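A.B. asks: Once you've looked at the hints, dock chain B against the given chain A.
Single-letter residue listing:
Number of protein chains: 2
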Amino acid sequence: MQKLSVREARLESAIGQQARLQGWVRTRRDSKGGFSFIEINDGTCLANIQVIADAALPNYEDEVRHLTAGCSVTIDGEVKASGGKGQATELHAAAVTVHGLADPESYPLQKKRHSMEKLREWAHLRPRTNTFGAVMRVRNQVCRSVHDFFQEDGFLYLNTPIITASDCEGAGEMFRVTTLDPADPPRNDQGAVDYTQDFFDRPSFLTVSGQLEGEVYATALGKVYTFGPTFRAENSNTSRHLAEFWMVEPEVAFNDLEDNMDLAERFLKRVVTDVLENCEEDLDFFEQRIDKEVRERLGKIVAGGFARTTYTDAIAALESSGEAFEFPVSWGVDLQAEHERYLAEKLHGRPVIVHDYPATIKPFYMRVNDDGRTVRAMDVLAPGVGEIIGGSQREERLDVLESRMSEQGLNPDDYWWYLDLRRYGTVPHAGFGLGLERMVQFVTGMANIRDVIPFPRTPGNAEF
Amino acid sequence: MQKLSVREARLESAIGQQARLQGWVRTRRDSKGGFSFIEINDGTCLANIQVIADAALPNYEDEVRHLTAGCSVTIDGEVKASGGKGQATELHAAAVTVHGLADPESYPLQKKRHSMEKLREWAHLRPRTNTFGAVMRVRNQVCRSVHDFFQEDGFLYLNTPIITASDCEGAGEMFRVTTLDPADPPRNDQGAVDYTQDFFDRPSFLTVSGQLEGEVYATALGKVYTFGPTFRAENSNTSRHLAEFWMVEPEVAFNDLEDNMDLAERFLKRVVTDVLENCEEDLDFFEQRIDKEVRERLGKIVAGGFARTTYTDAIAALESSGEAFEFPVSWGVDLQAEHERYLAEKLHGRPVIVHDYPATIKPFYMRVNDDGRTVRAMDVLAPGVGEIIGGSQREERLDVLESRMSEQGLNPDDYWWYLDLRRYGTVPHAGFGLGLERMVQFVTGMANIRDVIPFPRTPGNAEF
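From first to last, the protein sequence lines are chains A and B. In case it helps, our numbering puts the first sequence at residues 3 to 466. In case it helps, our numbering puts the second sequence at residues 3 to 466.
With the rest of the complex left out, here is chain A (with noise of 0.2 Å):
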C-alpha cells in the first residue's frame, strides 16, 4: 500500500488511488447514516484530509467511534472525489489502525482556541495546533531560501564558532561557558577564580555574531555566509529578544557599501517572492487569523526597488517632517523604532536603506568615511517592522582600524588575529546581518518573538 502525505491525498491527481495515510485527529463526527467523518492532519500542511469510516468496519464501535482530537492513526483506503465544501479529495477508509489514544479529560489541545502565553507552556504539543504548524512551514520555507540564494550565488557555508573566548565584540552581554564547579571554584594565589583551570584555559562566553570569523574566510575564500544559533544575554522581556536567536552574516570581499545593499534587497526580495509562492495556504491562514496586512507587507517588499537615504537626508526629513516625536531628532543620535516607521511607512512607503551614520554612534569595524565623522553603515527599515537587516562595509586599513578601537577604549592586542587580515593582502569587504525570528515574524505577522522559534530562551525560561 503505497504512503501518502495528507497534503498529496488532498490533490486531485490522487483521486482513483489506493493509499494509506498516516497522522493525528483532529476531529471526529458520527453521521446518523451509519459512519463518520474524520479530520486528519499530519503536518505537511495546514488543511486535513476527510476520512470516511463506515459502521462496518470491525473496530468502528470499539476504536473508531472514540476517536478523539490527538489520537494517532493510520487509514488505509481509497482517494475519492468530494462533495464537501474546500476539499477536492476525500479517503474512504477500508482499515483504521488506532495507535494512541488522548485522553479529552487531560489532553490539552482541546478544541477551544487556547492563548499563545498557555501554548508557550506546552511548548511540546503546540506544534500540533494549525497555528505552529504553519509558522514551522514558513520558517522552514525562510531557512530553505536562505541557504539556496547563497549557493546559487556561490557563497560558501559557513560554521563560525559558538563557544569563545572574545568577549569584546561590543554587540551585548555575554553568557559564560564553563565546567568549574561554581560552588567552589579554583583560585589563584590572588583569591580570583582561576579560569586557566576552566576547560578552555580562558573565561569563555557564547559567541553574539560570527561577523569578525566571517570576515576571516571572507578574505580568503570570497563570499561566505553563516547561519547559526547567537546569543544575548540580556534581561529584556520584550515580544522582540530571544536569549538565543538564530542569525544569517553574509561578508563578501572586495564588496563595497552599493554592493552590499544591493545584496541585501536582493536576498530579502528571494526569500520573500519563495514564502509568497510556495506557502500560500499557510499565507491565507495568517492573513485571516493573525495579520491581515502581511501580504501586503511582503508585496511591498517584492514590488519595486527599495528607497535609499543618508543618515543626514533622513534626519532633515525627520526634522522637518512636522510629526510629533516622543524621541527628539537632531543629527548625531541613533534612530528610534517611531523615526524607522515615519522613513519606511510615511516617507517613502516602502523599504528604504539608510546609510552613512554617524560614526560615534556605530562599532569600531565599519568603514570611516573621507568626511571622518560618518562610517559606511547601512540599515534596511521595512515597513510594518522598522530594522530587519543591518550591516556595513568593513575598515579594511590598519591604521584606521586601529585608532578607531583607541577611540572606543579596546585593545589591539586582543584583536590580532582580525587585524591580520588588514596586515596581510587587506581588501575592502562588506556584510550584513539578519534575524531569522525577526525575519519569521515579518513573513507571518507573529505578534511575539517567542512564537516563531521551537523552544524559546528567555529570561527564566529554559524549559523542554
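FYI, nobody ran anything at the bench for these hints, they're computed from the structure. Warning: the hint list may mix true and false statements.
Same chains, same names: a pair is fine if it fits in one copy or spans any two.
List time: in silico EDC-like cross-link candidates among lysine to aspartate or glutamate, alpha-carbon distance up to 16 Å [as the list claims (entries may be wrong)]:
| id | residue 1 | residue 2 |
| --- | --- | --- |
| 1 | K34 | D56 |
| 2 | K114 | D415 |
| 3 | K5 | D155 |
| 4 | K87 | E41 |
| 5 | K364 | D336 |
| 6 | K5 | D261 |
| 7 | K5 | D258 |
| 8 | K364 | E389 |
| 9 | K120 | D315 |
| 10 | K82 | E10 |
All values derive from a computational prediction rather than experimental measurement.
C.D. replies: Showing chain B alone in chain A's frame:
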C-alpha cells in the same frame, strides 16, 4: 567591466572576454622577456589563474614587481587561450590595482609547507591555503547536500534549543551556561549556589543532542531534521573529538527501524554522490596529497546496497573470525573500533548496518524488542572509519519507556513533556544522528577532526 571569478575565468568559454578578477597572489615570477606571471587565487576553486602582467603597465616597476604571496589585487584585462600546462586560459592584464601587501618577512604563509599543528595556530590564515580552501568547499557541499536531501523529501528544518535545562540525556558531559558571578555566586539558606537567581532561574547547559526535541516536532508534523551545533565537555584530546561540533538529526513519525535504515542509506549515498560529482578538483587534491584511498572509499558508499546484520550475528561472526582482537568479543559487549573495521572492511567489504543491540548498552529511549533483551538500535559502519551514523526506533509505549527510565536510574518527572508524547497520540517513530565533521573527515581523508571545522574547540583551545 564584468567581474569574473577565477573558476569562471578558467573556463574555455571565457576566452575573449574583458574581465575584472579579484583575489590574492599565490606566486609571482618575472620573465626575462619584460613581463611577469602572477598566479591568483580567489577561493572559488583550487586552481589559480595565471595573469600576464607586461612591463608596460604604469605601476609595473613600483608595484607589480613587488607582489608576493598573500598580496591582494584587482586585475582588469582580457581572458585569452593559454598554452600553459593544466590551464585553458590566462588573463592578460591591462591594469593591476594593489589593495594590500603582505610583507614576506612577517607573513606566515610562505611557500614552504607548514605542519597541520602550526596551521591550527594560524586558524585565521589557514583558509588561504590549498588544503583548507579545499576542505571548506567540500564541507560546504556536504552541508548543501544535507539540506537538499531532506528538503526535497519533504522534511522540515528544525532548530532545537542550544541552551537547555535538561542535564539528564545521558549522552555526555555538559557545559554550564550562566550569568552568575563565578567569584561570588548568590547562595541560598543552605549555602548552596542559588540557581534561581541565574539567567534562566535554574541550572542550564549546552545541548548534547536535539533528539528529544526533534521527537516533539516529528510527532506533530511528521518529518523533521535538525542541523546545528552540539557540545561535549569531555577532556578528549583525540583526532576524532571536538568540544563543539555540528550534528544532523532527522526524526520521522511512523518510521520503524527498517525505514530508518533505508533513510540512512539513501542519505549517505546522496551526500557522497554530490561530493563526487561537484568536488572533483578538490577530491583530486585530497587523493594526491592527503589520502590516496579517499575515492575508493566513497565509491563503496555509492556502489551497492549496504550490508545489514543483527548485533547477535555480528558477534557470532567476530567470534568465529579467527582474528586476534585486542578487546575480546562476546554477546553483550559494545563493539570496539577494531571490530567495526573487521565487519565493514574484511567481512563485508562495504558499509554495514548493525542493528538490534543489547538493551543494557543502549539509552532508555530505544524501542525494546519482543525478546526483552535487545533494542531497535542501529549503527552504520563505513570502511576506513567505523561508525558514521547511530540511530534507533524510539520507544513509543509509555509503560515500557517508564520502566526503562527507572532501570537506568532516571526520574520520569524530569521528562514529563517527553512522556506526554507517548501519553497523547503516540506513534512509532525513528531517527538517527550524523556528526558533520566526521562526515567531512570521511569524504576528504583529513586525519584530524580539528582540521575540518573552521575554528576547532578542544580542551584549552577557544581562541579566535
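A.B. asks: For each hint, tell me whether it holds in the structure or not.
C.D. replies: The hints, checked one at a time:
Taking the shortest alpha-carbon separations for K34 and D56, only the intra-copy value of 11 Å comes in at or below 16 Å, while the best inter-copy value is 92 Å. In the homo-oligomer, the alpha carbons of K114 and D415 never lie at most 16 Å apart, since the shortest distance is 60 Å inside one protomer and 28 Å across protomers. When the C-alpha separation of K5 and D155 is checked against a cutoff of 16 Å, the pair qualifies only between copies, where the shortest distance is 13 Å, while the shortest distance within a copy is 36 Å. For the identical chains of this complex, K87 and E41 are intra-copy neighbours only, at 13 Å inside a copy versus 68 Å across copies, given an alpha-carbon limit of 16 Å.
Proximity of K364 to D336 under the C-alpha cut-off of 16 Å is restricted to the intra-copy arrangement: shortest distance 9 Å within a copy versus 56 Å between copies. Taking CA atoms no more than 16 Å apart as the test, K5 paired with D261 passes between copies only; the shortest distance there is 12 Å, against 48 Å inside one copy. For the homomeric pair K5 and D258, the shortest alpha-carbon distance between copies (14 Å) is at most 16 Å, but the shortest distance inside one copy (52 Å) is not. In this assembly of identical chains, K364 and E389 lie within 16 Å of each other by CA distance solely inside one copy; the values are 15 Å within and 49 Å between copies.
Neither within a single protomer nor between protomers do K120 and D315 lie at most 16 Å apart by alpha-carbon distance, with minima of 46 Å and 51 Å respectively. Taking the shortest alpha-carbon separations for K82 and E10, only the intra-copy value of 13 Å comes in at or below 16 Å, while the best inter-copy value is 53 Å.
The structure fails hints 2, 9 (numbered hints given earlier, in ascending order).
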